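Colleague: Residues per chain, in single letters:
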Amino acid sequence: MVVALGLLAGGAAAGLFGSLLGLGGGVLLVPLLTLVFGLDLRAAVGVSLISVIMTSSAAAGVYLERNVANLRLGMTLELFTAMGALVGGLVAFLIDEQLLALLFSGLLVYVAITMLRAREPAPDDVAGLPPEGDDLDRHVEPPRPDDLASFRSAALAHLSTETYAVRNLGRGVVGSTGAGVLSALLGIGGGIIKVPVMHVGMGVPLRVATATSNLMIGITAAASAVIYVLRDEVDPYTVGPVAIGVFVGASIGSRAAHRVELRVLNLLFVAVLLWTALQMLLKAVG
Amino acid sequence: MSALREAARFERRLGRLLIVVTWVAVVLLAIGTALLRLAGISPLAGGPPFDPAQLVADLVALEPAGFLWLGILVVIATPLSRVAGAAVGFTKRGEPLMAVISLAILGVIAISILAAQLTR
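As you go down the protein sequences, you meet chains A and B in turn.
Residue numbers for the first sequence follow our numbering, so the first one is 226 and each next one is one higher.
Residue numbers for the second sequence follow our numbering, so the first one is 4 and each next one is one higher.
I should point out that these hints are in silico values taken from the structure, not numbers from a laboratory.
The structure presented is a predicted model; accordingly, all values stated were derived computationally and were not measured.
The reader is advised that the hints may include incorrect statements.
Unchecked claim - One side only, chain B facing chain A, incomplete, derived with CB under 7 Å:
| # | residue |
| --- | --- |
| 1 | GLY18 |
| 2 | LEU21 |
| 3 | ILE22 |
| 4 | VAL27 |
| 5 | VAL29 |
| 6 | ALA33 |
| 7 | THR36 |
| 8 | LEU71 |
| 9 | ILE75 |
| 10 | VAL77 |
| 11 | THR81 |
| 12 | PRO82 |
| 13 | SER84 |
| 14 | LEU106 |
| 15 | SER115 |
| 16 | ARG123 |
Glycine residues also receive a C-beta, built at the ideal position from the N, C-alpha and C atoms.
Let the hints inform the model, and build the full structure from the sequences given.
Modeller: Here it is in structure tokens:
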């Protein structure tokens, strides 16, 4: 009973903080399951992948209903992120668990640094985006390829909308593939890579990049989750309480985000991430 | 404007599909977790591996593993159902490139399943 409640509460906490801080639950969930509940790292990754798909699907559904996500861009990059996840899912079973722990430790430090450097979105991030429900003016008929000089610019134009132009598809392809590999290796959604790649590297507004990343996370995690399931690395008994906890926590977090003082939470979270990184590092070095 | 309206409606339909299927998964996992609790099994006791042949029998017998595995399968199927729906929608709307991309994504997932079984 205590273990079940602990997993439920731990999942809820991971989902809540992940949602409040714009991260998937995986970054918190995997260390929680390994360091607190003693799960094998690969087993923790398997549980995390299922939880990540569930929360991202719910969020992506809302984003699509509100026409915030860029479906064409998301699906184009999804193809590469799924390929990366396929490779990562297979490589994960060849890598020593201590190396995985070391990689996770590095990821946590990267996330902590990214959060410390994070700024408020610039005004142009949200300018031009329609209010909720006012979806009709956002779309623009994609230019016909024969109107454009090259296939590349035609593809970019096809992925762009009236309010912003997508650029540097190559960066998106590389970033998405890398995010897919990391997602499969470490059980994370990969939004921490996809969102900056789309926002900074491809000129997509932050809100759209976040929504589109959420859309992509489901497929990214599903591509590797099937590998974990078929290789018996997903424990259904652990998934149940953890996934429900993460789902409930993320749902509460998404509703409470605007009422919470995120600056203080951010700093506290960075401290937690760094402490967790140290614990994972200690696990890696045995 | 009607094409734009249709595009927005298409995305809304996909969004609704995702939300509904996610809730189905949540309910299945909740039932499985409740049955686990009623049976007095610890979530860390180590559940049975996935066995498609056992799934229906476990569901009929109200075994927690049956509901939990079905919930997990529905979770994994949720984004896939969105991609499959998008493939159909893009085909109907005359966007062959996006329809091909959708099918390619499903192809990668199929390769994942195949690769997992071959390397098992």
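Colleague: Of the numbered hints stated previously, which ones are contradicted by the structure, given in increasing order?
Modeller: 4, 10, 13 and 14
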